[in-house]
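So you can see what is in the structure, the chains are spelled out below.
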Amino acid sequence: MRVPLGWLSEFIDLPEDPETLAERLTLAGLELDEILRTGPELEGVRVGQVVAHERHPNADRLSLCRVDLGEGEPVDIVCGAPNVAPGQKVAVVSPGTRLPDGTKVKKTKIRGVVSHGMICSLRELGLGDEHSGILVLDADAEIGAPLASQMGGETVLDLELTPNRGDCTSLLGVAREVRAHFGGTLRLPPCEPNEVEREASDDIRISIEDPAGCYCYAGRVVLGVKLGPSPDWLRERLEACGQRSLGIAVDVTNLTLLEFGQPLHAFDLASIRGAEIRVRAARADERIVTLDGQTRELSTEDLVIADAERPVAIAGVMGGVETEVGETTVDILLESAHFAPSRVRRTARRLNLHSEASYRFERGIDPEGVVRAVDRAARLLSELSGGAVSRGVVEARGDPAPVPGPIRLDPKLPEQLLGVPLQTEEVVAMLGRVGVRTELAPDGRLECVAPSWRNDLGIPEDLVEEVGRVLGYDQIEPTMPIGAAVPATEPAAYRLADRVRDLLVGSGLSEMRAFPAVSDSDLDAMRLAEDDPRRRSVRLLNPIVEEEPCLRSDLVPTLLRAVHRNLSHQLDRVRLFEVSRVFRTCEGRQLPEERLRAAAVLTRGERQNLWEAAEPAPLFFEAKGIVEGLLREFRVEARFRSGTEQPYLHPAAAGEFVAGKDVLATVGELHPEVAAHFEIEDACGVLELDLDALETAEAGAARSKFVEVSKFPAVRRDLAILVDEARGAGEVLEAMCKGGGSTLVSVTLFDRYQGKGIPDGKVSLAFRLIFQRPDRTLRDAEVAGTTDRIVKMLAHRFGGELR
Amino acid sequence: MPAETPDLGAIERAALGEVAAADTPQSLRETRARFLGRRGSLSGVLRSLGELPAERRSAIGSAANALKQRIEAWVGERQAELERDLQSAELAKHRLDVTLPGASLRRGALHPVTFVERDMVEFFQGLGFSVVEGPEVESDYNNFEALNFPPDHPARDMHDTFFVEGGAVLRTHTSPVQIRAMRDREPPFRFIAPGRVFRTDHGSTKSPLFHQIEGFLVDEEVTFADLKGVLYAFAHHLMGSDVPLRFRASFFPFTEPSAEMDFWWNDQWLEWGGCGMIHPRVLENVGVDPARYRGFAFGMGIDRTAMRRYGIPNIHALFDSDVRIREQL
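Protein sequence lines correspond, in order, to chains A and B. For the first sequence, my numbering assigns the number 1240 to the initial residue and increments by one for each residue that follows. For the second sequence, my numbering assigns the number 71 to the initial residue and increments by one for each residue that follows.
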């Protein structure tokens, strides 16, 4: 809502400083968006006074003026205007300033005389068409002042209104707020029209056929108008509020709307067929061309204003072209009505047609202002167009407008709720400032009646807010709540997600967060089968990007896009993860299934620090190592198995960590086809963690127990075994751990070798075995015996040969 | 022939010079031998003591013995010195270019929102607020109706909503968690609910994804001043006690009275979040008796707090996947 302060000050006295006003209104809930200045943008144009004037020595039509600019010596300016004269206050553009048409004013020699700027006409200033002479300002214009400050521009507060404050969508409403916070007396513009003999009801009949949709409809008739462009003052007021001038009749209705917040409409009376107005529901298949030129299909839910034959306006939303007031209009019907807010809102939404009128009707108008507004508009219209106002307001009433009843307020409630000591008298006085009438009932409560324009006040708490607003929230001293101390908890999943973040960060990955939508083609690019459950994605009806309506059923596509994006910026070491929910539709339930997941991507990047350790392992092992570390941290016993059903991973370089039936994690390198889809040329490792499954697994994991360490010496044996390369080293390792007996305390794989000296199809695996007993020193023979057994077991199970 | 009186002074001067001049352990050993070895000059003096007249024997003998000890001491000191030099030379051979960058363990970085969210949660846990969560795809009922947004009400325009096939919405705020958490519990309680929220408006200063922390406390005696106190303490905890703050009247269907809280940053007031006393209708909707209990609730922006803390000028930088941005914190 734009509020020109000059205009507002006609309604109520204002504090001198606009900032003070704006700050108080902001604290009270009418938030200042910005302070604007209307009027011309005339930077660099100042007021000067012509102190001397003589003919140009070398040109008859030019004159040489000495102009006082309020600082330093007066300057010489050459001027060609016939009307320039000594003593005049004029608009001076100094060298270096650009005129609205783009020309830059320079210090120039004109016929041998130096001119220090330019004295301007209205047209040169971009303020009008007048160019027969220079603009002569009022005699009291201040010399040296910026021209803009002398040109009648307005300071305008642009206020952001909350939807409950429909009453503030007018100058009157804002003036009432000003009164609440600064005091003062309201002044209303004159409303009473000068009526002629002729009865308005002779020319129009009004009936309401849909009483639930229209509480009240008031019409006035203005006969014999001569329409044309609006006078400057009217145009300027509308423009200051951000509206365009559209001719006298429409401007008058818009001005009144801005003054009182009551939407009005002007019909060309001659085009109303049957001289009657019927407020009714639209019929099926009815249509109307609205003022914006669009043909609108109406539904039976819409409320329309109709004449004897057809709809002529969509109630509270927009008028129709066929009854529009034009240059040739002679007689006018002015409409002022009170429509049911939800009816207007539904129609405006359905037609996606939001107007100044619908905005106010949706929020609720002042039912007691309906007639006043049509009076005011009729008076203005007759003044500006020479028309005659017929006698009387033609009024029809539907159902009574729902008014909130009186509110019974415990006078202690404001104090209890706000936490500020407040006496009953103070409460009464504060409520009085916002127009709430109060009466002390015998039971000690206050019977409160809200003013007709405050349809948002319905319960005692609403009144407490009013008390708070008048008091000022800045006057409320902060306190801390009392109450029993209870230990704070958090859901296990929340805690787990946070730990996972820390562990992944510790593994060198950085966290990203992204809007959780992807496209169907992303799912295709992931090679998901048609029946993959992730295809059952939850879809947005109004996505940000049309092609991306699917809420993520998997986090990986977003990460792959991030990889692509970074690689294309020559950032080749990408290590990112995200912890987020994934969504999947759930048969027979309104809300989808949400699961908490984490996923990460890794690319190698060029190594920059070659003095460090040798070439690291393939990305797969980095990804796997990250998961292993993480699972260890959670004390979860998970089995690794080679291969995965994840279609986006490389089938020969992928695996899964499984606990019970749950897959806790998947790791692998990216499938080349997927990489191609996402235009990723570098090798890329991917891991995914199912945090819900991890939470279950962790909950079931046994707490780790302390184990005494042996004080006796350990014995180390290294074994190198040749096995078929098809056998996984993990399998061999596991067999040794299981079958090594109680004295074998650890086995590690420390080398894997193929090449010279190793037969084709075989691989040499080197293990380090540590033997130890808790109770005594092992004898060599014992160790030799155990080692022998292990070697035999390997030979038996894996065909392994000792090297 | 009576023995000559040995010239101990000359021996001493020679020893002092030669010990100091020895520059390797080897030459030091040789130097020592020249004086104290079997054929050393001082050993010769000691051996020939017997040839001296008895009356001088004892004086010269003790002087020679004292000199012997001094020479031993000089040799010992020189020996230690030479060893130190040797060690230094050895260490110098293993010189590293210590100005090379450290071997990076390459930690990653948490998201700024995560950092700030943790800080926020920690503050409220200290005040006894427990964390609760709710789904991100919500029913219209929990997201709007139960929070006193009637179906055809302009208040719904305050939330540019993502609609989901089948009638649900992407939650537009964390407030539906209030409904879920309060529905099956008996007051008093205090909860916080941090999380992601979604709105369709986006532009230079808005992102369709952002984060809020919801908080609510229901008890028999709670006031608006308590709400202000908690939020001011919260703001001071996060932004320092000198941050300018503002509490101003506002409107939310689910609170009454309602307020909006701003903080000052970069020469302007920035909206931090909305708050107020829980609307009695909301309490009724979740089965809490509004005649007995009152509560306050708030939903503050995490993203803006993070932007202020790290000097991030544009919210879109928070959701950028550029590793140069993501690895900064």
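One or more hints might be untrue.
Stated by the list, open to error - Away from chain A, derived, C-beta distances all over 10 Å, residues of chain B: (1) S128; (2) D189; (3) V313; (4) W334.
To be verified - Here are some chain B residues pointing at chain A (derived, C-beta under 8 Å): (5) E203; (6) F233; (7) L287; (8) F317.
Said to hold, decoys possible - Here are a few chain B residues that face chain A, going by a calculated C-beta distance under 8 Å: (9) L119; (10) G120; (11) E121; (12) P123; (13) L180; (14) H181; (15) E235; (16) H272; (17) G273; (18) W335; (19) V393.
Quick caveat, the hints were computed from the structure, so don't treat them as lab data. The model shown is predicted, which means the values in this text are computed figures rather than measured ones. Using N, Cα and C, we set each Cβ at its ideal position, and we do this for glycine too.
Going down the list of hints, with the structure as the test:
no.	hint	result
1	S128	holds, 62 Å
2	D189	holds, 12 Å
3	V313	holds, 14 Å
4	W334	holds, 13 Å
5	E203	holds, 6 Å
6	F233	holds, 4 Å
7	L287	holds, 6 Å
8	F317	holds, 4 Å
9	L119	violated, 59 Å
10	G120	violated, 61 Å
11	E121	violated, 65 Å
12	P123	violated, 70 Å
13	L180	holds, 5 Å
14	H181	holds, 4 Å
15	E235	holds, 5 Å
16	H272	holds, 7 Å
17	G273	violated, 11 Å
18	W335	violated, 17 Å
19	V393	holds, 5 Å
Consistency with the previously given hints fails for numbers 9, 10, 11, 12, 17, 18, ordered from lowest to highest.
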